[in-house]
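A.B. asks: Here is what each chain is made of, one letter per residue.
2 protein chains.
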Amino acid sequence: VALKETVITSRQNPVVRKAAGLLDSSDKRRQEKMFLCEGARLCQDAALSGIKVEACFYTKSAKEKYSSYLEAVWKVAGAAYCVEEHVAKLLSSTKNSQGVFCLCNMPERKAGKKVSGVVLENLQDPGNLGTVLRTAEALGIEKVILLGSCCDPFSPKVLRASMGAVFRLSLEMEEDVEKLGNRLKGEGITLLAAVPDASAVPVTEIDFQKGLYSIWIGNEGNGLTRQAMDVCHKKVVIPMIGRAESFNASAAATILLWEMQRGCAK
Amino acid sequence: VALKETVITSRQNPVVRKAAGLLDSSDKRRQEKMFLCEGARLCQDAALSGIKVEACFYTKSAKEKYSSYLEAVWKVAGAAYCVEEHVAKLLSSTKNSQGVFCLCNMPERKAGKKVSGVVLENLQDPGNLGTVLRTAEALGIEKVILLGSCCDPFSPKVLRASMGAVFRLSLEMEEDVEKLGNRLKGEGITLLAAVPDASAVPVTEIDFQKGLYSIWIGNEGNGLTRQAMDVCHKKVVIPMIGRAESFNASAAATILLWEMQRGCAK
Numbered sequence: 070v071a072l073k074e075t076v077i078t079s080r081q082n083p084v085v086r087k088a089a090g091l092l093d094s095s096d097k098r099r100q101e102k103m104f105l106c107e108g109a110r111l112c113q114d115a116a117l118s119g120i121k122v123e124a125c126f127y128t129k130s131a132k133e134k135y136s137s138y139l140e141a142v143w144k145v146a147g148a149a150y151c152v153e154e155h156v157a158k159l160l161s162s163t164k165n166s167q168g169v170f171c172l173c174n175m176p177e178r179k180a181g182k183k184v185s186g187v188v189l190e191n192l193q194d195p196g197n198l199g200t201v202l203r204t205a206e207a208l209g210i211e212k213v214i215l216l217g218s219c220c221d222p223f224s225p226k227v228l229r230a231s232m233g234a235v236f237r238l239s240l241e242m243e244e245d246v247e248k249l250g251n252r253l254k255g256e257g258i259t260l261l262a263a264v265p266d267a268s269a270v271p272v273t274e275i276d277f278q279k280g281l282y283s284i285w286i287g288n289e290g291n292g293l294t295r296q297a298m299d300v301c302h303k304k305v306v307i308p309m310i311g312r313a314e315s316f317n318a319s320a321a322a323t324i325l326l327w328e329m330q331r332g333c334a335k
Numbered sequence: 070v071a072l073k074e075t076v077i078t079s080r081q082n083p084v085v086r087k088a089a090g091l092l093d094s095s096d097k098r099r100q101e102k103m104f105l106c107e108g109a110r111l112c113q114d115a116a117l118s119g120i121k122v123e124a125c126f127y128t129k130s131a132k133e134k135y136s137s138y139l140e141a142v143w144k145v146a147g148a149a150y151c152v153e154e155h156v157a158k159l160l161s162s163t164k165n166s167q168g169v170f171c172l173c174n175m176p177e178r179k180a181g182k183k184v185s186g187v188v189l190e191n192l193q194d195p196g197n198l199g200t201v202l203r204t205a206e207a208l209g210i211e212k213v214i215l216l217g218s219c220c221d222p223f224s225p226k227v228l229r230a231s232m233g234a235v236f237r238l239s240l241e242m243e244e245d246v247e248k249l250g251n252r253l254k255g256e257g258i259t260l261l262a263a264v265p266d267a268s269a270v271p272v273t274e275i276d277f278q279k280g281l282y283s284i285w286i287g288n289e290g291n292g293l294t295r296q297a298m299d300v301c302h303k304k305v306v307i308p309m310i311g312r313a314e315s316f317n318a319s320a321a322a323t324i325l326l327w328e329m330q331r332g333c334a335k
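Just so you know, the sequences run in chain order A and B.
Here the first sequence stands for residues 70 to 335, numbered as in the working numbering.
Here the second sequence stands for residues 70 to 335, numbered as in the working numbering.
No wet-lab data here; the hints were simulated from the structure.
Incorrect hints may have been included.
Pairs involving identical chains hold if they fit within one copy or between any two copies, as the list cannot separate such chains.
Here are the simulated DSBU-like pairs of lysine-lysine, each with C-alpha atoms no more than 35 Å apart in a straight line [said to hold, decoys possible]:
#1 73 with 248
#2 304 with 87
#3 87 with 164
#4 132 with 121
#5 182 with 279
#6 304 with 248
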C-alpha cells in the first residue's frame with residue numbers, strides 16, 4: 070500500500086458515518102454526489118472504470134484475502150482505512166459481506182452524444198434496473214436515460230445487479246417527458262415506444278442501421294405512461310410468438326435491446 | 070364451493086403434514102410424484118393448465134379475498150381444506166403468504182415430439198431456471214429438457230419464477246449426456262452447443278426455419294460440460310457486440326431462445 074493506512078476502531082468515526090449515511094438514502098447520495106460501493110470485484114471495477122474514489126475501507130482479513138482486487142483501488146483512492154469487523158457492518162448491505170468498500174464520487178454526466186440509445190421510464194425494481202443496465206453495456210448501447218421516477222442507479226442493489234455497468238455507461242436522468250422528447254427529437258432521433266400491443270410495428274421490422282433511434286421502455290407492471298407513448302414517433306412490439314404477453318420485464322427489455330444492436334453483430 | 074370443505078385446526082393433521090413435507094424436499098417430491106404450489110394466481114394457473122390437484126388449502130381470509138381465483142381450483146380439486154393461519158404457515162415458503170395452496174400431481178411426461186427445443190444443463194439457480202422456462206413458454210418453445218443435475222423445477226422458487234410455465238411446458242429430465250445426445254440425433258435434430266467463444270458460429274447465422282435444432286445451454290458459472298459440448302454437432306455463440314462476455318446467464322439464454330424463434334414472428 071503506497072497510501073498511508075489509517076485504522077478505524079470506532080463506529081462513531083466521522084468518515085465511517087458519512088459513508089454509512091449514503092447506504093440507505095438516495096437523497097443523501099444526490100446531495101453529496103457520492104455513493105458507497107461494496108465488494109472486492111465491484112470496488113476494483115469502480116477504480117478501473119475511472120470512478121473518483123475518495124476513500125476505501127476494508128477489514129484486516131479482507132486486506133489479506135482480496136489484496137489483488139485492492140491494488141487497483143489503492144492506486145486511485147484518496148485515503149485507505151482498515152476498519153474493525155463491527156465497524157464494517159455499518160457499511161454493508163449484504164448478508165455475507167466481503168468487507169471491502171469504496172466511498173465514490175458519482176461520475177460526471179458526459180455531454181450526450183447523438184447516438185441511438187434507450188430510455189427507461191419509472192423502473193422501480195433495483196434488480197431489474199441493474200440487469201437492464203448490464204445488458205445495455207454488454208450490447209454496446211452507449212446512451213441510457215432514466216426517465217421519471219426510476220430507482221436510484223447508485224443504490225447498493227442496482228450497483229450489484231449491474232456488475233459495475235453503472236460506472237461505465239453514460240447515464241442521464243430526466244424527470245420531464247416533454248423536455249426529453251423534444252431534446253431527442255431535436256437531435257434527429259426517432260423515438261420508439263415499446264408496447265405490448267399486437268397492432269404496433271414489430272421491432273424486427275425497424276432497420277436500426279439506418280438513422281438514430283431511442284427505444285422507450287416502461288415500468289415493470291404498467292408499461293410506459295400515456296404521456297411517454299404520446300411523445301414517441303412510433304409504437305413497436307416484440308412480435309407475438311407463443312404466449313409473448315407473458316415475458317417478464319427483464320426478458321422483454323433484453324429482446325428489445327438485442328434487436329436494436331443485432332445488425333451490428335460481426 | 071361444490072366440494073365439501075373440511076376445517077383443519079391442527080398442525081398435526083396428516084394431509085397438512087404430507088403437503089408440508091413436499092415443500093423442502095425434492096427427493097420426496099420425486100418419490101410421491103407430487104408437489105405443493107402456493108399463491109392464488111399460481112394455484113389457479115395449475116388448475117387451468119390441467120394439473121391434477123389432489124387437494125387445495127386456504128385460510129378463511131384467503132377464501133374471501135381470492136375466491137375468484139379459487140373457483141377454478143375448486144372445480145378440479147379432489148378435496149378442499151380451510152386451514153387456520155398457524156397451520157397455513159407450515160405450507161408457506163414466502164414472506165407474505167396469500168394463504169392459498171394446492172397439493173398437485175406432477176404432470177405426465179408427454180411422449181417427446183420431434184420439434185426444435187432447448188436443453189438446459191446443470192442449471193443451479195431456481196430463479197434463473199424459472200425465468201428461462203417462462204421465456205421458453207412465452208416464445209412458444211415446446212420442448213425443454215433438463216440435463217444432468219438441474220435444480221428441481223417443482224420447487225417453490227422455480228414454480229414462482231416460471232409463473233406457471235412449468236405446468237404447461239413439456240418438460241423432460243435426463244441425467245445422461247450421451248443417451249440424450251444419441252436420442253435427439255436419432256430424431257434428426259441438429260445439436261447446437263451455446264458457448265462464449267468468438268470463433269463459434271454466430272447464432273444469427275443459423276436458419277432455424279430449416280430443419281430441427283436443439284440449443285444446449287450450460288450452467289450459470291461454468292457453461293456446458295466438456296462432455297455436452299462434444300456430443301453437439303456445432304458450437305454457436307451470441308455475436309460479440311459491446312462487452313458481450315458480460316451478459317448474465319438469463320439474458321444470454323433469452324437471446325438464444327429468441328433467435329431460435331425469431332423467424333416464426335408474424
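A.B. asks: All hints, please: hold or fail.
C.D. replies: Here is what the structure says about each hint:
For a Cα distance limit of 35 Å, the shortest separation of residue 73 from residue 248 qualifies neither inside one copy, at 48 Å, nor across copies, at 61 Å. In this homomeric assembly, residue 304 and residue 87 never come within 35 Å of each other (Cα to Cα): the closest approach is 45 Å inside a single copy and 51 Å across copies. Taking the shortest Cα distances, residue 87 and residue 164 sit within 35 Å of each other both inside one copy (21 Å) and across copies (33 Å). Proximity of residue 132 to residue 121 under the C-alpha cut-off of 35 Å is restricted to the intra-copy arrangement: shortest distance 21 Å within a copy versus 56 Å between copies.
For the homomeric pair residue 182 and residue 279, the shortest alpha-carbon distance inside one copy (17 Å) is at most 35 Å, but the shortest distance between copies (41 Å) is not. For the homomeric pair residue 304 and residue 248, the shortest alpha-carbon distance inside one copy (19 Å) is at most 35 Å, but the shortest distance between copies (47 Å) is not.
Hints 1 and 2 from the list above are not met by this structure, while the remaining hints are.
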